[in-house]
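Once you have looked at the hints, place chain B on chain A.
Respectively, the protein sequence lines represent chains A and B.
Throughout the first sequence, residue numbering follows my numbering, covering 1 to 638 in sequence.
Throughout the second sequence, residue numbering follows my numbering, covering 1001 to 1070 in sequence.
To be clear, the hints were calculated from the coordinates, so they are not data collected in a lab.
Check before you lean on any hint, since a few could be wrong.
Unchecked claim - Computed cross-link-like contacts, DMTMM-like style, restricted to lysine to aspartate or glutamate with a CA-CA straight-line distance of at most 25 Å:
id, chain 1, residue 1, chain 2, residue 2
1, B, Lys1056, A, Glu499
2, B, Lys1064, A, Asp346
3, B, Lys1064, A, Glu162
4, B, Lys1064, A, Asp579
5, B, Lys1064, A, Glu468
6, A, Lys463, B, Glu1028
7, A, Lys429, A, Glu87
8, A, Lys172, B, Glu1028
9, B, Lys1064, A, Glu87
The structure displayed is predicted, hence computed values, not measured ones.
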Amino acid sequence: MSSPLAYIGPGAGFAFLGSFLTIVLSLLVSLLSLLFWPFRLLWSLFRRRGQARVKKTIFLGLDGLDPKLTEQWMQEGKLPNLARLRETGSYSRLRTTFPPLSPVAWSTFATGVNPARHNIFDFLNRNLRTYAPELSSARVHPPSRHLRIGKWTIPISRASVEMRRKSEPFWKILGRHAVSSTILRIPITFPPEPFRGQLLSAMSTPDLLGTQGTFSRFSAAEGNTLRGGLPGPDQSALPFTLRVLSDNNAELLIQGRKHKLQTGQYSPWLRVRFPACGIVRFLLTSTSPEISLYATPVQIDPENPALPISYPSYYAVYLAKLLGSFATLGMAEDTWALNEGAIDEDAFLEQARTIQKEREAMFFSALERTSRGVVACVFDTTDRVQHMFYRYLEPTAHGAGDARHAGVIEQLYRDMDRVVGETMKYADKDTALFVLSDHGFCGFRRGVNLNAWLHQHGYLALKPGLTEGGEYFDGIDWNRTRAYTFGLSGIYLNLSGREAQGIVMAEEAAALKQELQAKLAGLADDDGSVAICDVYDSAVIYNGPYLDAAPDLILGFAAGYRASWGAAVGRVTAAVFEDNTKCWSGDHCVDPALVPGVLFSNRKMDLRNPGIEDMAPTVLRLFGIDPPQWMEGKSLWV
Amino acid sequence: MGLNPRVGLKESVKLNKSICQRARALVEKAGYSSLEEFIEHAMERDLARLEQTESKDALVEKLKGLGYLK
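Looking at chain A on its own, in the form it has when it is part of the complex (with noise of 0.2 Å):
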């Protein structure tokens, strides 16, 4: 018998079949789809009761960009396209939320709603039964089911994702009167939920190893040569080698692939496998007399997502195929790695820069292509650079640093007039244009730790023998805890009946919160300045179904001041106030009058007193659509 000159098996003939089949199911698809489409237009066109009055809108969110820098440098001729916009259209500052920060006011824009009608107050949340802290926004549950071989334990369900922002985003109301829209890194959409149009994800969108962002640093005392291991998901580590070739030459070897590195600049993204996919970016940050190396978070990788961050979910991976790949990760600008020394200013503006750059090119792609919908894009570069950089405007006790660096806030300025400019070219007589921030910015010199105060006071109680608590309320004891603070806005009542140790009964808080409004407001820190300017109740400004979840109390700090980095986490300190040493040194969880955010338009509008409420319900209006009932914004078409 003579052996087979080839083998033909039945893999060919299924691949052939495969193919087949997924061609003629195509086809099929695409013939109903086609034979449908009148009736869906006729039905699209049904729904869409009133009459459109523009054919595009246009997003363009700048984080934190302030109005009182905004209006001194339009003043000075230093931003050209917003003084034109404001001349030619319309300009008023923006009322934001209380309080005052991103996750909360961008789910306001995209809603309509107060915070107690979208469940977003702070960037945390804590949990009732156990005080642990959340993030607000979204919530990964782990495969609920496992099956157990011996000493492994292997899921046999899969992950979810829990979107914690409730309501419904203005584009999801457009989508459903056949209005399609490109929504771009607004913050608050991981992950991502199903409408008509592509989303990107932002704020909140974790890094591989599902923290909101963990740098690395590795460095070698001696010799020319650094082994570590790059951290991945579930303590592992890539291994890697750095070899110095001379003095600002460096070989790096991982995953089998070599790369050359350059003293003081990034490498492109480069691609990891832990399994799952990644991309980081290393910076070699020195070469003698130690060797040293920073790598950015290691960020899920667009092209090939271990967790959802574009709708639908190939986005990202067309975004990736057509721009290149780009930073995914919710915070992306290491602001940690700049506060702890692993990088210099330069390298992380050099990080800003590039993402910015990044997130223009997905921008101005979207409006290439868009000549009906909405496009919708938030650049945060702004507010991080803010944050960082503030202290060249207003010195802390941090100093000020690098001279090279005192007009960098100014620059970061002119560089988003720059692409204000850009975006008026796509904005014809059938395009309203909005030019938005979410809230302002001032410095940050002081903190505040209020757990210190509630201690002193009386309202807070640590464990016997403690004088001072540790992070997330370490050392508290609750059974004589009537009020706390952790997060950035506010404090909590423990309350009987919801906190899981509660003790002050429903009938004591308004009477608690009364008392503690009249003595935190107008707080004077050691040298006599208020730091406090009013203290909000809570149920007062807020109204909806989620108002349980909120802190009791809004804090409305002056400027300058702040939540302390202790209090922040739940830390209970002596010193009610400290100085703030950090980079860090521009903020805006102050009191929501103190920093609105900006609204420039190239169509007239009704601009007494707007609000951030007011965007999604203005857009649902230049649609032809009427808002819903329970949407509080109103149009400020005029």
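Quick look at chain B alone, frame taken from chain A:
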């Protein structure tokens, strides 16, 4: 972190018509955007009492890198 997690998938549940009608009349007044949102909120409140929660350490780890806290 698991791969290919499910997001935003919906499941149909049959509910008593009269309770739905009573709820539908009130959801918008209460500030919900839909009956579905109202029902999900009601379920979440009970689930929060009944479900196992992640350890505090695991939750804190997820917040790592959030610039406002560091």
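Do the hints match the structure? See the list:
Under the criterion of a C-alpha separation no larger than 25 Å, the hint pairing Lys1056(B) with Glu499(A) is consistent with the structure, at around 16 Å. Under the criterion of a C-alpha separation no larger than 25 Å, the hint pairing Lys1064(B) with Asp346(A) is consistent with the structure, at around 24 Å. Using a Cα cut-off of 25 Å, the hinted pair Lys1064(B) and Glu162(A) holds, with the two alpha carbons roughly 19 Å apart. The suggested pairing of Lys1064(B) with Asp579(A) holds, with an alpha-carbon distance near 23 Å, which does not exceed 25 Å.
About 22 Å separates the Cα atoms of Lys1064(B) and Glu468(A), which keeps this hinted pair within 25 Å; it holds. Our distance criterion of 25 Å between C-alpha atoms is broken by Lys463(A) and Glu1028(B), whose separation comes to about 45 Å. Using a Cα cut-off of 25 Å, the hinted pair Lys429(A) and Glu87(A) holds, with the two alpha carbons roughly 16 Å apart. Our distance criterion of 25 Å between C-alpha atoms is met by Lys172(A) and Glu1028(B), whose separation comes to about 17 Å.
For the hint pairing Lys1064(B) with Glu87(A), the CA-to-CA distance comes to about 44 Å; that exceeds 25 Å, so the pair is violated.
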